[in-house]
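Chemist: Each chain, letter by letter, is given below.
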Amino acid sequence: MVKCLILAAGEGKRIHPLTFTRPKVMLPIANKPIIEWNLLNAINAGLKEFVFVVAYKSEMVRNYFGNGEKYKVKIEYVNQGEPKGTAHAIGVVEKFVDDFIVLCGDTIFGENDIKNILNTKKSIGLYKLDNPNEYGIVETKNDKVVKIYEKMDKPFTDIINAGIYHFDKKVFDFIKKTSKSSRGEYEITDTINIMAEKSDVSSVMLEEWRDVVYPWHLLDANEEVLKKLDKKIEGTIEKNATIKGKVVIGKNTIVMNGSYIEGPVAIGENCKIGPNCYIRPYTSIGDGCHIGNACEVKNSIIFDSSNIPHQNYVGDSIIGSGCNFGAGTKVANLRLDKNNIIVTLNGKKIDSKRRKLGVIMGDNVQTGINSMINIGSFIGNNVSIGPGATVKGVIEPDSKVM
Amino acid sequence: MKAVILAAGEGKRLRPFTEAMPKVMLPVANKPILEHIFDAIKKTGIDEIITVVGYEKEVIMDYFKDYKGLKITYITQDKQLGTAHALLQAKDEINESFIVLAGDNIIDNKSIQKLILDRSEYSILVKEHPHPSKYGVVFLENQNLVELVEKPEEEIGKFISTGIYKFPKTVFKKLEQLNKQGIHDLSSVVQSLLKDGILFSTNTADSWMDIVYPWDLIQVNEIMLQNIKVSTGGTIEKNVSIKGDVSIGKDTKIYSGSYIVGPIIIGEGCEIGPNACIFPSTSIGDNSVIHPFTEIQNSVIMNNIHIGSNSFIRNSVVARGSILRHNFTGSSGESIIEVEGEFKKVKNIGSLIGEDCTIENHVVVDPGCIIGRKCNICSMKRIRNNIQSNSKVM
Amino acid sequence: MCGIIGYNGFRDADNVILDGLKKLEYRGYDSAGIAIIDKKQQVYKEIGEIKNLEKKLPKIKGTIGIGHTRWATHGGVTKNNAHPHLSTSGKIAIVHNGIIENYIKLRENLEKKGFKFVSQTDSEIIANLIEDNYRGNLKDAVFSAIKKLEGYYAIVVTCTDEPDKIIGARLQNPLVIGVGDNENFLASDIPAFLKYTNRVVYLDDTEICVLTKKDVKVYNKDEKIVDKKENVIDWNIQDAEKSGFPHFMLKEIYDQPDTINQVLRGRISEIHRNINFNENVENLLNSNISSIQIVACGTSYYAGLIGKYIIEKFTDTPVFVEFSSEYRYFGLKHESSLVIAITQSGETLDTLAALREAKNSGCKTLVITNVIGSTATRISDAYILMQSGLEIGVAATKTFTSQIIVLLLIALKLGMIKNKISAVSLYEYIRYLREIPRKVRDVLDKNNEILDIAKQLKNAKSVFFIGRGVNYPLSLEGALKLKEISYIHAEGFAAGELKHGPFALLTKSTPVVVIATKDSTYDKILANIGEVKARGSQVIAIAEIDDTEIEKHADFVLRAPGGSGVLPSIPIIVILQLLAYHVADLRKCSIDKPRNLAKSVTVE
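Chains as they are written, first to last, in this note's numbering: chain W, 1 to 402; chain X, 1 to 394; chain F, 1 to 604.
It is worth saying that the hints were derived from the structure and are not from the lab. From the three backbone atoms N, C-alpha and C, an ideal C-beta is built for every residue, glycine too.
Quick partial rundown of chain W residues pointing at chain F, CB under 7 Å, derived from the structure: (1) GLU59; (2) TYR77; (3) VAL78; (4) ASN79; (5) GLY81; (6) GLU82; (7) LYS95.
Okay, chain W solo, but in the shape it has when bound:
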């Protein structure tokens, strides 16, 4: 029985503040954690036994998936211990697997591609990407891997290593021979390079691939997944509420009169939507949220238990769980000169390559009435924003902006 290993141990430091309280793989896209999409696609591809390699905030993963009963599959967990790299993470499960495929839990892979990898022993998945600068690129010959290169400034090909592999027990010998990379980690790409010298490693071109490196990539992933959803309304829709296009509404959610929802939109369970709010395409709203009167939300992800209750505007943003917007709080998402929005992440200036980007907000943030959040802001957990305050840039967790 081929097992499926999903790497779910990473913290996702580049996705702070969203990952202060949850591992990267548990970030929600269309109201399901990224890793769940992989699980479901893998199950559809025929896999029934899973091993999740966890570490950072492992309890979130374990509590959500349990032993796999509700999916009718078997899920086991192994703790990586220390973050020593992908080869180390895979090496830790030696005693648990035989013939197995590996998925990086924070990248979404499609069902068909997983099937193809499953059918090709000793293979790695590749993808053609327009801007491969952030990824390791792969040189192949006759569909066999020659070498995987670290990311480079001027890549010579646009074929990247997608992060999905099919291995057998022999890989563990190669892992033991892998030395530390220049980043100080044991990387599976180095292992594959050693393997490729000794024997054939096949390459499989993927059709679908969606990675999340920076927080705003979640918005892109969210959009892509929402496009594929089927309409499903389980809650209560009042008579004078308008629902257009593909909209998913969870159990016990009430959509009050005057609400105008343009799909694709996913809304979770136990939410209170409206009255008189405007929810525009590519928005995901978690469970237990309230989007209230005179609010407009567009192209955003709202995590569980957050409230955007009165006269707010949220666009192209990610709002963590347990947040509360004071009346009149608005998020700016477009520069006056309409140029790309540049953000500062971990000290570096990065071009988000988006003309529209609102706020990346952590959990339990409270905003005062009529406060203003400027474009491309990052707000840490538990921040308090005072009435009328203007917020810009990176605000550390537990701070106050008055």
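Knowing the structure of chain W, use the given hints to seat chains X and F on it.
Modeler: What follows is chains X and F alone, placed relative to chain W:
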């Protein structure tokens, strides 16, 4: 691979700042120099550092413990005889090739990587420098080291040794041999190895900064501030203007009317303002209080400092724990400063104030004055000369 | 104290156990050992620190094993005495933290039955006792064996006949279960396995647990299975590292400039001229408080005594200080008083009991503690965290000074609330507080001077410490520190009381440490010095920097900035700490783990 960092020296030319702490612990951009080096090493994949300590070693050991997953072993050099002697102390901890660096020169990780990846057993990191005669000047041929001349009399050559080497384990034999002959500095060891016919490959360092005199702290501070993690912690009151790249630590309060122009780093637990102006490129350490209407520009203000209202501080260094009461004026300009018998002309220099001083109100300090550690200066004084440590100016 | 660890899982046990032992090294570091099962028990032991063991270990095969890092109590430091201990047949391996009081009797009985012993430890008994009771079921054997033990223990046991399980048991000494994925851990303390799992089950006294690779079963003393709650640890466990200092205690003394800043962080505002606590504390302090009772043990009690002086001075509110062990049984509990409990660990049994009594009587309760999530914080109405970081040295140093700073903050805050302190004065006090770290650094600079004075005390049979006013509790603390770690008899007295009895004890060879700050009773203290010298005793005075009078009276003088009025001088406390440290070091005493003392007394 392991790294050995030599951090036992005092740094006499940096007095009074080094009277109670070793040179490597002086902060730029709110991090001790040694921490910047640890950060660079961490990025290279080296996971174990042997730090040779000596002078005021408790300050180093108390600060670091184990550092972000890097294993740090401390070896004490009882007598500070020289760099080679310091390296020799680490002998028992090394059983393969290693990198050795000085703890007081800031280096970037890519340069260290070059050394690690170099296939030669012996390798040295060099740098082009406008005034090489202050250092060990190196002469190269075909990328290999040919000669190393320590502080030559005339202005010759254009490359200097950064003091960063890669050595094989066997170098300790040479170190022991020369140690017995009373030769204690690494440059001499290298010259001796060259005479023996050892081949040293060379690599050029990208970014290397030496801190020799107190005013170097200000310059290096400015450069390191370009890489700070921009974020705002603490409490920012209404009507505070923050421009440019600014890092504000946890629990710090910036009060109304303050104007902060980056690049600036402010530590944790500080109180700034109201109506204080902090201009580039300034670092303010933890637990410091800057009172209203004070202007600080291009300065290094360390931890636990009190600066009273209406004060003016520019191009200055104020060390830990000092108290400057209101209306302090640190004039800035050109000055000739005496350090360990040498006279140095320095442009745009303000005050250099040692640890734990108490300076009463309305004191004016002329440009380039060095005020020692634990000095007490009474109010309304005009300071025109250096003040020795532990002095009282009545 | 020792550190013990057990592992049963899929990883190589040698790496996991060594890693864990390093994190437990603070509990003892005179020898270490490891025993891993691969058909038989593979045992390796070494004297000295864990890195000695690490250097000598070959690669050991096996995924189930136990480890130990020792602080010798019975039997010297030898390889044979190091744990793990095997039973005579070699089947059973145990590691033990604690003391078996009836080990001699048990040993005799076992020897009669043919068991042989190779060490002088009490721990080895346990291995053979289990083997003696072994009838094919390890759990039953352990149950029978521990019934015969008198004393206290935390043990982890493995048996080659049942190589799929490890068993843990405890009485009084700590043992925690780490619940992993396909692996389980047992250890004296959480940091030993935190990197592999953050799910913890606390084993209670008299309980036994059986750990296989996949599951954990806990049995009570009636051998019935118990349902235990799994806790997820998400607070940051700080690593305990000496990092180059010869002793934890010295490192913690040097930590004080930082720890004092930490206590003040976020709580004082120089610009706003106020002191802020969290909401619960603020509500408590703003309520009607007619009297205050401080309850604590040991050094914390002395902090309380200091608190009394300052709180009374700033608030005009009567303050009573009582030993927790007395208060819980005999103290007057009146609902109008605010009871402040001081407990560094938050787990001190007597203080917890006192807190509960106070709460039950309707008193308002406030706790000053260093450990977030501790029991004391869960009992009281409000708590103030000292934020000093982990204190390993058994003798309290940085936690003592942090407690005093907290009490100072409470006194000032209450004084403001009761309008006894003006905003202007508060500003001065806040400045004073901010300047304490640098004054402490001054004292740390004078370490060598203090070492010189310590040489004078090294051979004393008895030392007196005297002071007046707030210096009286300082002298009690000075004496306690000296007693605790150097084993020299020392006693603190209110200087004015000497003549009412204690003088009889003074001889030429009883040095007297006099805290002589320039407060309102300075002249009286000089007179006291005269009286002491008249009896031929040496006087070591701790005086203020600019005091020129004192040299004429005392034999030796150590200087520190004084307090301000009634405020205690923290630098003087640091002098007393360093003095005790150096005396103990000169006498080669075991400073971090003095004999017969335990950190956080969780025993009555």
